[in-house]
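Visitor: Take 12 as the starting number for the sequence shown in this note's numbering and just add one per residue.
A few of these clues could be false.
[As the list claims (entries may be wrong)] Simulated restraints, written as ranges between beta carbons of each label pair:
(1) R165 - L188: 14 to 20 Å
(2) G209 - I71: 33 to 39 Å
(3) S25 - V173: 39 to 45 Å
(4) I97 - I198: 30 to 36 Å
(5) M134 - V35: 29 to 35 Å
(6) M214 - V171: 19 to 25 Å
(7) R68 - G205: 26 to 32 Å
(8) I195 - D223: 37 to 43 Å
Just so you know, the hints here were simulated from the structure itself, not pulled from any lab data. The beta-carbon is built from N, C-alpha and C at its ideal position, and this holds for glycine as well.
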Amino acid sequence: MLHLVIERGDQLQSETLRTVARLVVGLFLFSVGITCTVVPALGLAPWDSFHMGLSGRIGITIGQASIAVGVVLLIIVAFFREPLGIGTILNVWLIGFLMDVFLQNELFPYHPSLLYRFFLFFMGMVIIAVASWLYIGAGYGAGPRDGLMLTVMRRTGWPVSVTRILIEGSAALFGFLLGGSLGIGTILIFLFLGPILGIWFRMVDFDANAIDHKTFQFKPKKK
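Take these sequences, add in the hints, and give me the full structure.
Guide: If you want it as structure tokens, here you go:
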């Protein structure tokens, strides 16, 4: 009996290490993918445009702006008692930190060639799709921006498509007003990132809705 308990404990520890490693690798690749879409200067995704505009206004890096926005969204999501996990916390810090490391060290240097810039941009979207599969599949909670979307959906009854368009449209608008970069790349992300995600998820037979996330439990409010 003791042998079985020890064996099950070892299996649980091994599984935990495997899923945490999957989470970290997924977030690492997510940062690489975002960097690939920033460097070509073709226009950014709505949230990244907002981060860039904010960074220019208050004199911080785009990664630091991403972290700051993530912390604010984390507080909002926690206030409305949406499920949070280790992945939610790591998402806030790790992606912004790694983006700064990659951009400052020119992991992918800028080149004026239009072919190179479009190739790098599309490669970034593919990497984001693979990273999303790894990160979501680890089952440690949604990122704060997805958490905000779920919060709005639960409280308004709006479908995911409407909610996402309104939230990301607002992020893009504020990004533009703050001086963030919008352009053909922004349109490409709207048109192609969803289908690329869908193609990759089908290729690896992955259903994001079937993942049972390990999250922190909030105590119900006392009446």
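Visitor: Taking the hints in turn, state whether each one holds.
Guide: We went through each hint and held it up to the structure:
no. : hint                    : result
1   : R165 - L188: 14 to 20 Å : 28 Å, violated
2   : G209 - I71: 33 to 39 Å  : 35 Å, holds
3   : S25 - V173: 39 to 45 Å  : 42 Å, holds
4   : I97 - I198: 30 to 36 Å  : 34 Å, holds
5   : M134 - V35: 29 to 35 Å  : 21 Å, violated
6   : M214 - V171: 19 to 25 Å : 22 Å, holds
7   : R68 - G205: 26 to 32 Å  : 30 Å, holds
8   : I195 - D223: 37 to 43 Å : 39 Å, holds
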